[in-house]
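Novice: The chain contents come next:
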Amino acid sequence: MSADGPALLELSGVTRQFGGLRAVSNVDLSIARGEVIGLIGPNGAGKTTLVNVITGVHRASSGTVRFDGTDITRLKPYQAARRGIARTFQIVQPFPEMTVAENVAAAAMFAGAAAYGSEANAQALEHLRFVGLADIAHSRAASLTLAMRKRLELAKGLAMRPKLLLLDEVNAGLNATEVDHALHLIRAIAARGITVLIIEHLMKVVLSICTRVVVLHHGELIATGDTKSIVKDPRVVAAYLGRRYGAADSALRGVPNG
Amino acid sequence: MRREALVAATLFALVGLFPLVGEAYWLRLGTTMLMYGVLAMSWNFIGGMAGYPSFAVAAFFGLGAYSGAVAQKFGAPAGLAWCIAAASALVFATLLGLALLRLRGHYFAIASLVVADVLRELVNSATDLTGGGMGLNLPVPAMSSIDAQAAFFFYAMLALATITFAATLLAARSKLGFGLRCIQQNESAADMLGVDTTLYKVCAFALSAVFVGAAGAIYASWVHYIEPPDVFDVLYSVKAIVMVLLGGAGSLFGPLLGAAVFLSLEELVWRKFIDVHTGVLGLLIVLLVMFLPKGLLSLSQRLPWAGKRP
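Protein sequences, first through last, are from chains A and B.
Its first residue numbered 1, the first sequence is counted upward by one per residue in the working numbering.
Its first residue numbered 1001, the second sequence is counted upward by one per residue in the working numbering.
It should be emphasised that the hints constitute simulated quantities derived from the structure, not laboratory data.
Think of the CB as a built atom: it goes at the ideal place given N, C-alpha and C, for glycine as much as any other residue.
Don't take each hint at face value.
[Said to hold, decoys possible] Residues of chain A clear of chain B, computed beta-carbon distances all greater than 12 Å:
{"hint": "1", "residue": "Pro6"}
{"hint": "2", "residue": "Gly19"}
{"hint": "3", "residue": "Arg82"}
{"hint": "4", "residue": "Asn103"}
{"hint": "5", "residue": "Gly132"}
{"hint": "6", "residue": "Lys228"}
{"hint": "7", "residue": "Val237"}
[Said to hold, decoys possible] What the simulated footprint calls covered on chain A by chain B, stretch by stretch (three residues with Cβ under 8 Å from a Cβ of chain B suffice, anywhere in the stretch; the number is not a length):
{"hint": "8", "stretch": "41–55"}
{"hint": "9", "stretch": "68–81"}
{"hint": "10", "stretch": "205–219"}
Using the sequences and the hints given, assemble the complete structure.
Specialist: This is how it looks when you write it as structure tokens:
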């Protein structure tokens, strides 16, 4: 999982203003192909807004977003999706009255360019098998538990055949076993060569799978670096981690090399 | 898809036998039912499949009626006039959709409600072309008998209903219908998954207009005389919505079932409550929303012998 090669995603001077509030302020960030990058920061730091700017939900007030060699600053979400940017939502968003399989088939069809009908359905089943939901492929999406919905989000994301997968708190609300399963899945996704950006509050997750960490605070990118140096960075400790993580450095002990 | 097409073909063929047995009253009722069916199936594209509560049916109906009538005034034969009406409704809805479909939910509903009023005032003031408030007379088709005329318009409406149903079936069983269902359930999520929501919504809106425009023109030819308050009547919009909700929104046969049941109610019950018939309509809507939100078709799934949904 090296960070070599030309950048897949490149943000330069990205700012997003809501009235008088600068939710994201002058962010420069370059993500290389194959990276698994963690985006951390306190609540309200602008993490989700940054993802929204990348995916076209919000347009950058200034600055540019380049993806895979082209300027995508002004693209709409569906266009970004078709170019290979998939995301999962912090608050999961299935199509409730459709079956689990139909949900994934929709992703395969509209972003992944699978043909309507058997091709899309076959792809959907394949992705559902991967995340472990094949048994309930024909249940209504509304009937799933939270943990299952999060996995459904992952399957949808994969069905879009993304180059970049943005995971917005995909582990929030899950218990320890479920988090372990999700971690396993994310590793498997990264192993397929998909670049992953994870917004995450659980440091355990960040430390165990990310190759690099980016820290947002008040909309500004205050630090970026590998996981080991970031947890010692005094600004990060002050803004987000608190003394427990930084000073003791205990979090790193016993954590497998990410 | 083949099974549904077969069921529909049988149904329409049976309805086609109607003029052989029916007298003038039944034929008129049959023509009205088919017209209602067209309005309901059309609204189903935007209201049922895409989940956008459009009140623009009356606007498209009136626009079609006047486009066809004016074309006939300038000497176009009836068939050509109906096609012109369909085309003008299609173009109008496409342009209107590009503007209105930026709005969601109630805002879209209100905006679409106003369109019929605007068009009615335009028609009212364009006296030279449309006769304004005086209305417009259409040529009476040269046919041997009143019965032959009645049968002609019945078959014209039957053909239009068949085409509308075929379009519904094709849309529902394709990427377009699938995308519209995604939009209906969660538009932002659909956008994120790569659905070009604006394009899909405009397509649904245009489909909800084209057949209604033709129906308006056939109606105008049928009754020989139209005036603005008649063809731009907001009740056309309301009835279309009630019929779809009655039958089952978003389903294939729901709108047709709703149209048949609604017209029966209109004929049988309302004649007895002539003074309070709008009240009865209101009561029907309230009861529908409260007790049968998915329409009459959903009842069939509660029956013990009901199979899996197609």
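Novice: Need the list of violated hint numbers for this structure, in ascending order.
Specialist: Failing hints, ascending: 3, 4, 8 and 10.
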